[in-house]
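Asker: Take the two lone chains and join them into the complex the hints point to.
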Amino acid sequence: SAVISQKPSRDICQRGTSLTIQCQVDSQVTMMFWYRQQPGQSLTLIATANQGSEATYESGFVIDKFPISRPNLTFSTLTVSNMSPEDSSIYLCSVGEGQGNSGNTIYFGEGSWLTVV
Amino acid sequence: AQSVAQPEDQVNVAEGNPLTVKCTYSVSGNPYLFWYVQYPNRGLQFLLKYITGDNLVKGSYGFEAEFNKSQTSFHLKKPSALVSDSALYFCAVRDRTGGGNKLTFGTGTQLKVEL
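Chain order of the listed sequences is D and R.
In terms of this note's numbering, the first sequence is residues 726 to 842.
In terms of this note's numbering, the second sequence is residues 1047 to 1161.
Keep in mind the hints are simulated off the structure, nothing from the lab.
Hints may be right or wrong, so weigh each one.
Not the full set, but computed from the structure, chain R residues with beta-carbon under 7 Å of chain D [claimed, not checked]:
#	residue
1	TYR1078
2	LEU1090
3	LEU1093
4	LYS1095
5	PHE1109
6	ASN1147
7	THR1153
8	GLY1154
Computed list of lysine-lysine pairs in DSS-like fashion (alpha-carbon distance at most 30 Å, straight line) [to be verified]:
#	chain 1	residue 1	chain 2	residue 2
9	D	LYS732	R	LYS1115
10	R	LYS1158	R	LYS1115
11	R	LYS1095	R	LYS1115
12	D	LYS790	R	LYS1148
13	R	LYS1148	D	LYS732
A virtual CB, placed ideally from N, CA and C, is assigned to each residue, including glycine.
With the rest of the complex left out, here is chain R (with noise of 0.2 Å):
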């Protein structure tokens, strides 16, 4: 079984200040990770994934993503939070080997950048 924790509800931070969001997962082989953004009313934008290689992934907006196996982590991270970086972040995760296609998600972060 796959599985994906997201344990901060929101985050709040301060625009030109970094961010962090946190992801953990749990798979039962390796896994493929992956970031999706939601804007208010819209449907989800993929921000980026790690598949293998570097594991520090770099996506759309100036976010990135570090894959840490030991901790099994996925963090998302941007150096210089924006005010239109508000919005709900899930992270997903599907195990390479006997996962198929299915993919799992979070239950989601909701990130507030205020001025």
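Okay, chain D solo, but in the shape it has when bound (with noise of 0.2 Å):
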């Protein structure tokens, strides 16, 4: 499976200010994905990342909010934009092996830990 890395993978920031989350691959790959985790909850998908064009998010996110780019196969970003204390949460990058829907496996990199006070 490809190696997923991102950064930074903690970090605290002040209320009303925007963080940008790296996701890294060691491989090319058609789909991307982040996720967000909320503490205690489970996993939220925010977002498929599509290389050279805008991301395709899903209900209750937005471009505003969650801003993504995908310049190549192997590097996105998630911004997320005035933060407050409800975007506490892990973000997750996440990587589809294969093209399409054909039961291919996600996998997942450690998290990006944010904390907003």
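Answerer: So, in structure tokens, the structure goes:
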């Protein structure tokens, strides 16, 4: 499986600021996703990061709050904008092996643990 | 719509005993089913998946899961638990038709294995 590296691994952020999380994969992948895991909660898909075009956001998530870039097949960024304490979460980058919806496995990075104070 | 239910927030088992972590799912079509494990302060690690074929799927670290279509279940099992298996376990589902690549996760089950 692909090796997924996220930076930062942890950060404490001030209310009202923005933070960009980077995700680097050691091989080219077609599918990249960003998930959020709020404290004590399950994972929720934020968006699918599309290479060379705008990300596809899930219901409840908007581009102004969570802008995503995907300049190539190995790299993506997620920005959490104008943060509030409710944004304190683990943000996970994930990638899908193969192409299309063929039962491919989604692999996850170690996550970026953000605390907003 | 697709959904997953993990009815137990926590499962306690003695080391050496068999363990079961329950998962039921709902999809409009046929499912792809997955189990992931999250150790403290870590990301998610893939354990196993069911795509098609044999209903008993074997995965990492001695875990296995049985797909039961009539009961819409995909319970995770291990014949002999280890203390090191203590972690948070997530079941996830993706609909084969119309679900795209979206994984829907259950709420997680905390497994505690004690000596």
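Asker: Please go over all the hints and tell whether each is borne out by the structure.
Answerer: Now for the hints, and whether the structure bears them out:
{"no.": "1", "hint": "TYR1078", "in the structure": "holds, 5 Å"}
{"no.": "2", "hint": "LEU1090", "in the structure": "holds, 4 Å"}
{"no.": "3", "hint": "LEU1093", "in the structure": "violated, 10 Å"}
{"no.": "4", "hint": "LYS1095", "in the structure": "holds, 6 Å"}
{"no.": "5", "hint": "PHE1109", "in the structure": "violated, 15 Å"}
{"no.": "6", "hint": "ASN1147", "in the structure": "holds, 6 Å"}
{"no.": "7", "hint": "THR1153", "in the structure": "holds, 5 Å"}
{"no.": "8", "hint": "GLY1154", "in the structure": "holds, 6 Å"}
{"no.": "9", "hint": "LYS732(D) to LYS1115(R)", "in the structure": "violated, 41 Å"}
{"no.": "10", "hint": "LYS1158(R) to LYS1115(R)", "in the structure": "holds, 28 Å"}
{"no.": "11", "hint": "LYS1095(R) to LYS1115(R)", "in the structure": "holds, 15 Å"}
{"no.": "12", "hint": "LYS790(D) to LYS1148(R)", "in the structure": "holds, 21 Å"}
{"no.": "13", "hint": "LYS1148(R) to LYS732(D)", "in the structure": "holds, 24 Å"}
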